[in-house]
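On the provided structure of chain A, position chains B and C as indicated by the hints.
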Amino acid sequence: MSVIQVNQLSKHFGALKAVDGLSFSVNQGEVFGFLGQNGSGKSTTIRMLLSLIHPTSGSIELFGKSLEANRTAILEEVGAIIERPDLYPYLTAKEHLQLFAKLRSKKITNANIDNTLVKVGLMDRSKDKVQSFSLGMKQRLGIAIALVHNPSLIILDEPTNGLDPQGISDIRNLIQSLAREEGKTVLVSSHLLSEIEQMATQIMIIHKGQKVAEGPIQKLLDPTKMIVHVKTTNDAQSLQVILSGSFSNYLLQRKDGIYLRIPDYEIPLLNASLINAGVGLVGVETRNSLEDYFLQVTSNTN
Amino acid sequence: MKRIFIHGLVLILLFLSNNVIAQVDPLIEKVSQKLALVNDYVAEGVMKTDVSFIKASLGKVKVYFKKPNLLKVKKEGGISLLPKGGVSVTINSLLNTKQYIALPAGTQQYKGKELRVIKLVPTDDKLDWVISTLWIDPTDALVYKTFTTTKENGSYEITMEYSSYANMGLPSKIIFAFNTKDYKLPNGITLEFGDEDPVSKQKALKNKKGSIEITYTNYVINKGVSNSMF
Amino acid sequence: MKAIISIELYKIFRRPRTYIAFGAIAALIMVIQLGLKMDGQSYAAFLMKDINDTLTVDGKVLNGYLICYILLQLLLVHVPLLVALIAADMISGEANLGTLRLLFTTPYSRTQWVMGKFIAASIYTIVLLIWLAFLALFVSMWVFGTDDLFLMKSNYVVLIQEKDVLWRYVGAFVFASFSLLTVTSLGFLMSSISNNSIGPIVGTMSAIVFFTILSTLNIPLFSVVKPYLFTTHMNNWKEFFDIKVNENNEAIYGTILNVAKIKTSLIVLTLHIILFVTASVIITKRKDILS
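Chains as they are written, first to last, in our numbering: chain A, 1 to 302; chain B, 1 to 230; chain C, 1 to 291.
Extracted from the complex, chain A is given alone in its bound form (with noise of 0.2 Å):
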């Protein structure tokens, strides 16, 4: 079942199309990873996920149900951190909790609050104020704030920003228990990309505003296509030699360097026929990451 359904959604300021014709679709139970360059237009979308920011068209549907006519009752089961994790420094990390658990119709205990912040680690620091908390501890309670009413869907926005490593690994343990063990859906956003790698089972990548890539992880990062950086002591005449034969198929558009994505067979091919062409060859690295993928499908939009 299909917890978050998202069709044709577009939102224009003035001439700038911020989201344009986004269509996704998200499953319980999965680790959604959004991904997307700033000002691509992620924020934009998950803003009006949460009913922040009024799309100019298109239809959201949350739990099957439209989010428009029924923004009150999903928001019960919706829980969120959105960008930065703004809080109110004269209250403790507890009157947090207090006062969001306040604003829900579920009845939530002072041990559930309690539970919470165990579960971001915070629970030594649950009577400080939050003015004395670093970034990282502030993205801990915000994190709380999004859990303490036990919701269904989870839309976390960057939710590693200023924590350390060891921050980041809680988290991502956390985010990954949530979905695995108690069936939530978890939508993730992250410049991290490997913590996006770590955690997510689907992602999505949008640029400016429109969708370029979607699926399961493994499946978008096929081993049997391996992302390739030439590296030769002649770049140039490398170029020619990978344009005039048959792997020009397999070249990306990257100005870094020389990229091919090619099938792991068809590698050794390559080696030679540069070899062939008197390139001094220096080195042929294979890399497979979401990082690579990423870059290689918005540079390809570029």
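By construction, these hints were calculated from the structure, which means they are not laboratory data.
You may find that some hints are simply not true.
Listed below are the simulated DSS-like cross-link pairs for lysine-lysine, each with C-alpha atoms no more than 27 Å apart in a straight line [claimed, not checked]:
{"#": "1", "chain 1": "B", "residue 1": "Lys60", "chain 2": "C", "residue 2": "Lys60"}
{"#": "2", "chain 1": "A", "residue 1": "Lys102", "chain 2": "C", "residue 2": "Lys287"}
{"#": "3", "chain 1": "C", "residue 1": "Lys163", "chain 2": "B", "residue 2": "Lys48"}
{"#": "4", "chain 1": "C", "residue 1": "Lys163", "chain 2": "B", "residue 2": "Lys62"}
Bear in mind the structure is a predicted one, so any value in this text is a computation, not a measurement.
Relative to chain A, chains B and C alone:
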């Protein structure tokens, strides 16, 4: 100027009618004797303040008197407005000092009564008043009206009505009439900005006559009044 | 809605800024009370200069009731600025802080949020007014005692009997609450337009100062707009302290000279409140939360 003129007038009168002054007017004597019956009193009454620029309601007052000329009007638990210096020119104050010369000035009709008009001129320079005219009913020796010019506080007209306590010369109603000056406080002090009052209202406030009226309801006479009351 | 009001009040009263207004009012009132206690007689003598030429005023003129009137005259012009400090920050302050998006993703409509926040800000305003009433009226009554209210207005003097005063203050404070709620709602409107904290506060204060100047200047050009300005009506609490007189110029106990003026002012102020709050709701509903 006015004062010098009055003084001059009085001196001329004194000079011209030396033999008249020599004897005390028997009517004034009669009035004084009547007043002498009262050593002190405490009277309850209702006071009405009628001054164009003052809005005040009727208030209960207590009037304390002690011979020779101590008089105090106290509003019960409130603020009272009295003509400045007015209480020092009541009949008791005028007559009990005994420091005056009485000059007969004929008779006049007043509210259907034939009243004798007598002018009093103080012989003691320290007294606050300059000249006073008394309208006295010779039949009951009651003063119905006085008009006194003071040194400091202008002129007062005091009119009196009598009923139950007439035999002791105590009025049932006393009205002080006096001239008022302009009243105006700058808006900057009262912080009253905005609409100006309508013109008609302003005009009404220009009426320069004021009066304070006390209607006595009962007297407690000669039961002793402490000096601390004054 | 109750939850919104309760958490908004909790936030208001946990903020240090909230207590600036309470402290400022207490300090101002105490300074004026101290001044009048030490040297009030000369102040009273100055006010009564014209009266003392003709009349002797006997009694406690400088009593708690008059002190309260003087305090209200001075303070009710400035308290709106203190109200603006909180009211104009209710929405924009959260937008600036970034917490508005946390609030607007809770299961409440934006209308509920705006109304809940307005009610919370109104409660703050009323509490501030009660604090002012307590200090200006009750503390003055305690320190200076009570007597008739001898009120010196620009063109005449009103002497109101002691027993006839207290209800007038109740009326004046109720009226003042409408005045201050108008300021609260104006602050709210400014707050819903802007995304930063300072702009709406300065904007509200400037609007009050600007309109107050228009209301107080007796220039015919401005007379046309004056009846429609809320600042013209905000000061009409004073009408509770003017009394009717009968044909004998006797003040009539328990009367108000111009009840119609009070009613008109209350209607104008209420209309302003409705207008400002409705506009705030519409603006907030239509707005995209980009902060």
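With a cut-off of 27 Å on the C-alpha distance, tell me whether Lys102 (chain A) and Lys287 (chain C) pass. holds (25 Å)
Straight-line alpha-carbon gap Lys163 (chain C) to Lys48 (chain B), limit 27 Å: Status holds; Cα separation ~18 Å.
Check the hint pairing Lys60 (chain B) with Lys60 (chain C) against an upper bound of 27 Å on the C-alpha distance. Roughly 16 Å separates the two Cα atoms, so the pair holds.
Lys163 (chain C) and Lys62 (chain B) were given as a pair; does the straight-line alpha-carbon distance stay at or below 27 Å? Holds. Lys163 (chain C) to Lys62 (chain B) sits at ~19 Å (cutoff 27 Å).
In the structure shown, no violation is registered for any of the earlier numbered hints.
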